[in-house]
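Those protein sequences? They're chains A and B, same order as listed. Following my numbering, the numbering of the first sequence begins with 10 at its first residue and continues without gaps. Following my numbering, the numbering of the second sequence begins with 59 at its first residue and continues without gaps.
Keep in mind the hints are simulated off the structure, nothing from the lab. Values in this document were obtained by computation on a predicted structure and should not be read as measured data. Check the hints yourself; a few may be wrong.
Here are a few chain A residues that sit away from chain B, every Cβ distance over 10 Å (derived from the structure) [what the hints assert, rightly or not]:
| no. | residue |
| --- | --- |
| 1 | 34 |
| 2 | 69 |
| 3 | 89 |
| 4 | 100 |
| 5 | 165 |
| 6 | 184 |
| 7 | 229 |
| 8 | 300 |
| 9 | 314 |
| 10 | 365 |
| 11 | 423 |
| 12 | 451 |
| 13 | 501 |
| 14 | 505 |
| 15 | 515 |
So the derived label-pair ranges between C-beta atoms look like this [stated by the list, open to error]:
| no. | chain 1 | residue 1 | chain 2 | residue 2 | range |
| --- | --- | --- | --- | --- | --- |
| 16 | A | 175 | B | 655 | 34 to 44 Å |
| 17 | A | 383 | B | 611 | 17 to 27 Å |
| 18 | A | 168 | B | 429 | 26 to 36 Å |
| 19 | B | 582 | A | 84 | 51 to 61 Å |
Ideal placement from N, C-alpha and C gives every residue a C-beta, glycine not left out.
Residues per chain, in single letters:
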Amino acid sequence: MSFDPTRLEIFKNLYHSVAEEMGAALRRSAFSPNIKERRDYSCAVFDASGRVLAMGDHMPVHLGSMPMSVAAALGALELGPGDIAILNDPYAGGTHLPDLTMVMPVYVRGAQRPVFYISSRAHHADVGGTQAGSMGPAREIFEEGIRVPPVKLCIGGGMVRDVLALLLANVRTPAEREGDLTAQIASCRTGERRLLEILSRYGLREAQSYGRHLLDYSERMMRATLRGIPAGRYRGEDFLDDDGYGSAPLRIAVEITISGGTARVDFSGSAPQCAGSVNAVAAITESAVFYVFRCLVNEQVPATAGLMRPIRVIAPLGTIVNARPPAAVAGGNVETSQRIVDALLRALARAIPRRIPAASQGTMNNFTFGGNDPRRGGASGGAAFAYYETIAGGMGARPGRDGLSGIHSHMTNSLNTPVEVLEHAFPVRVLRYGLRPRSGGKGRWRGGDGIVREIEMLADVQVSLLCDRRKIPPYGLTGGEPGMRGKNELQRAGRSMPLPGKCAFRAQPGDVVKIQSPGGGGWGKKRRGTPK
Amino acid sequence: MRIAIDTGGTFTDVVFLDRGQLRILKVSSTPQNPEHAIGNALRALAVAPTRATGRAPDSAPSGDRDPSPLELLCGTTVGTNALLERRGGRVTLVTTAGFEDVLAIGRQARPRLYDFFVERPEPLVPSRRRLGLRERVGSQGEVLLRPSPGELDRVTRLVRRSGAEAVAVCLLFSFANSAHERAIAGKLRALKIPVSVSHEILPEFREFERTATTVVNAYLVPVMSRYLGSIVGEVSASAFGGGTGSRQKSAKVAPRVHIMQSNGGVVSATLAAREPVRTILSGPAGGILGARYVARLSGFDRIITFDMGGTSTDVALIDGEARTSHEASVAGLPVAVPVLDIHTVGAGGGSIARFDLAGALRVGPESAGADPGPICYGRGELPTVTDAQLLLGRIATEGFLGGKFPLDEARTRQFTARALLAAKGAIRSVEAFAQGIVEVANATMEKAIRVISVERGYDPADYTLVAFGGAGGLHACELAAALGVRRVLLPKFPGALSALGILRADWVKEFSQTVRLTGYSPTKTQEELRRAFLVLERRGKAEMATEGFSGAQIKIARLLDCRYVGQGYDLEVPATEKFAAAFHRAHQLRYGYADPKRAVEIVSIRARFTGVTPKIGLPRGSMAPPSARGAIDAERKVFCAGRRLSTPFYERAKLRPGNRFAGPAVIVEYGATTYLPSGWSAAVDAYENILFTPGRNVRSSARSK
């Protein structure tokens, strides 16, 4: 294992720039606000064995889960030159149905097998199912949309028209989906082109050998980080409010064992999988662990598979951290993933309290709506539309720093859709979009404030809300107070009605949905006489 | 007399034309009060313009200048620095009620993903000075709620009480209907506080970016007004102002002061004081214009500029014309007005090298800056890119900055060897370490150039790399090899390129308007476009008239920002009847696919007004014989691809048009050093620019191990 430190750094940059260039191509040519404005996508580069070498700085929740997509595609299909596999089945390499993932092999001339793989994943605004936007309450995955096991969307560079037709026939906004899928394909081709350039410049052997060095390098980095945490067993737990169908709070329990540069992360004791959609598949749990430990590394380190080598994740099958079919899973990706992070941080706060923040808002406040836009589409009763957004909230206070307000934390980092884009594209009006004063938890350092967002519907619209932290607030640490819980309301004809965290309903023109996102937890006891 | 001044961190460069000859003067910058350096320069010029240049043996010192009135053109970093150091004015912001926090929330994303302790810049206006006006316009420009006279008065009162030095106004959908913005701005202007209004600064959609840009403008107005006021003061106090009983007839004509903008054009100081947000990247913009001009003289129209300094590097691609971007950000704040599309990376000669704890060699982003500086300057203790170049022998220890600044090689070797211990034997010699540092730095530069070329659909191999800045020439050839570039141009005056660009700059201002025209039908769209352009052009012509342009001096370019209906990003194409075809081609180039069946939306229209200014030209020299031996100053050992080669050091000032030589070679001039690797050859052209070309054996910097 001898490597040149210079070459290692150069290859680190090269692989990362492939993933970044893929992301830029996807963002700029995509059609739905969810991809082009909110940037809910990820792109990554894999070696010939399907181990991730680089990922763009896109969505943390995709971190640990994209390798599983590649593994599933490779297990199910023989991918030839110019082929592209597509999948979204959470039980076969996916995460939740709206995330459509493409996997493409990269061949060099004369090679029998692919020498690299690339993958691009994007959250599509609708993939069918009971609720417009495919993010509503559901009891089974069959209600959540079309389920796509690994299939070929392209063969030898050409689109497989019947697969595309089948997909588009099952979604509410086929033209937009087709545009986004085309952009995703273009992004894969960008990645392929870039990798081939690198190979022609450095040679296949060198590129593959530095791929391996890069994995070892990340592993060393993680081991050094783990050795900086006192050895021992640390327990943490936290709860989701409910499953959306009246359940009691759902427990996520974790025990982290640190010893000799390794970590064992055991989720035994977590709640059994539930009736609603907040079930996470194993890929999500892996991603959350990946995210937390990567944040502990003090260097800018590439998100390679090597980082996870010293870490063993145990997630018992049939629990909300490793669900079995046919459990619904839309919320596992967006809500349970956040709570897994909260449980992990609580455990780590016992080991390294000065490096761990209090709980952030712990939800993505998923807000989905769709219907027919009477302003478009003429006599047909309006053009179909579906829209999805997540709403930021308060960040947990950090030792030494207040939490930030109105910002996404942990497993997501999607942007907002500008009001001037939203109202132009959909029949809604935003009445208010601002910070929620004093919602951050008090403490020596304050939690960040949440957000207040009020949207008036201008047409008959089907609305889904998938939010948590409406009952159990984000915790404070070391004496800091919890952040304020989130709150959903419907204002109709001058009256305000509370809405549950997870629900779906039909809104009429004039209805206003008001969402207040949670504040972050505080850190440390507030000292008397120290005005802040 | 036209004088261009570019204020940099260390030097203030002055370029002017003296009886047909281009002259350069460098004075020390005065960072606390940048206008003082300008005053010093003007005083030096007024006394003896030719002697001041220090390199005009052919002309006698004289006071009889070009008698035309003084025109001062300035590049400035005042705006950028005020943003970086948060020294702008106290701003109050008026928004649509319910949206006061748009500025604070931004796009709700965090700047770094994997960092529990991430920070983001505080908004320039705190919440107590963000005021909501009860009004609303809808997405089609329709009025949903008209602000009542009482409401306008209420907000005006609050603004007055807020103690604002400047006000920013940004209401939702004001790009579609500006009536409410105009109503409140009218009231506020009566308070005698400068008001920046979003539909005037940037009439384009996306409320956060428009608000942030308008706020940056308001924030800079007080600073810029003070600064421009003092420049005018300095001019008046100098002999040019006529205030001291000048001999000049021209003194009767008021001197004109122009400011360079980020879009590559100049505007009057009056306009710059009102819209300072347009000046924040004015220095780099000057550099690009200068590089473009010089490269054109040498016959190159398609260039990539590579300006590598101590702490950062600017790169830009010019395909005939420099392109503008609308997505710049400064100090973490978005600035959506058009700026020349310059990509900056935080790496330069001062970037620090280290081994991370898993054994990779990192270079930057930490920089030794000016203090403590690289090891070789005598105080730093961590190896930088500059130190690596010194250890490879490519920088002469004496002769740096004209010999005023000896470099300490023994010290550099000692501290670099100490840093090398962290490699635990993976790198064996200090020279190999130095070579590694240069390679990693080059990889960073290469990535930066890929962002502006490959990522946008351009192949760098079709371009000439124009290298300048203190360190640009040291890296240019190796970088070119890595990118497949076959020509590197080292311009004359690398240290004053920016001032030269400013001297030749035209007056430029762009007027834009979001229109969002869909449902394309040729006749209807053409008619709507014609009307929309008419409105912009009326505004533009009025503004040009006050800036003193008329008739044939005015050029107008009409452009459309287009995308497929539903997309989020636009591509700029000329506003002709065939714009849709041009858009499909641009999309194919940029993203690798086009879909002529999809409808095209015109998002915004742009009218770019250019006021053509008189141009000076650089003289063509007569060709000397090829031998450059006379310019050789010394022979030294330089490391080249792992071998020590005896290498001639040329003195740039002694090179003559027509001279040719081969690498390895080092070219030394005041403030810059250039390294020509073996296998490359150099030719000095009639404009004293030097063109480097690789031999057939130089293919790529990649070596097989």
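> When you look at the beta carbon of residue 505 of chain A, is every beta carbon of chain B farther off than 10 Å?
Replying inline: Nearest chain B Cβ is 17 Å from residue 505 of chain A, so the label holds.
>> For the hint 51 to 61 Å, verify it against the beta carbon of residue 582 of chain B and that of residue 84 of chain A.
In response: 54 Å, holds
>> 17 to 27 Å was suggested as the range; check whether the CB atoms of residue 383 of chain A and residue 611 of chain B agree with it.
In response: 51 Å, violated
> Going by Cβ atoms, does residue 69 of chain A stay more than 10 Å from chain B at every point?
Replying inline: Check fails; 6 Å does not lie beyond 10 Å.
> Are all C-beta atoms of chain B more than 10 Å from that of residue 314 of chain A?
Replying inline: 15 Å, holds
> So is residue 89 of chain A really clear of chain B, every C-beta pair being over 10 Å apart?
Replying inline: Nearest chain B Cβ is 21 Å from residue 89 of chain A, so the label holds.
>> Would the non-interface assignment of residue 515 of chain A survive a Cβ cutoff of 10 Å against chain B?
In response: 24 Å, holds
> Can we trust that residue 423 of chain A is non-interface, i.e. its beta-carbon lies farther than 10 Å from all of chain B?
Replying inline: Given a closest Cβ separation of 7 Å, the condition is violated.
> Taking the minimum C-beta separation from residue 184 of chain A to chain B, is that value above 10 Å?
Replying inline: 8 Å, violated
> Is the Cβ of residue 100 of chain A farther than 10 Å from every Cβ of chain B?
Replying inline: 28 Å, holds
>> According to the definition I'm using, a residue is off the interface if its beta carbon is farther than 10 Å from all beta carbons of the partner; does residue 165 of chain A meet that for chain B?
In response: 17 Å, holds
> Is residue 300 of chain A truly not at the interface, in the sense that its beta carbon sits beyond 10 Å from all beta carbons of chain B?
Replying inline: 7 Å, violated
This entry does not satisfy hints 1, 2, 6, 7, 8, 10, 11, 16, 17, 18, going by the numbered hints stated previously.
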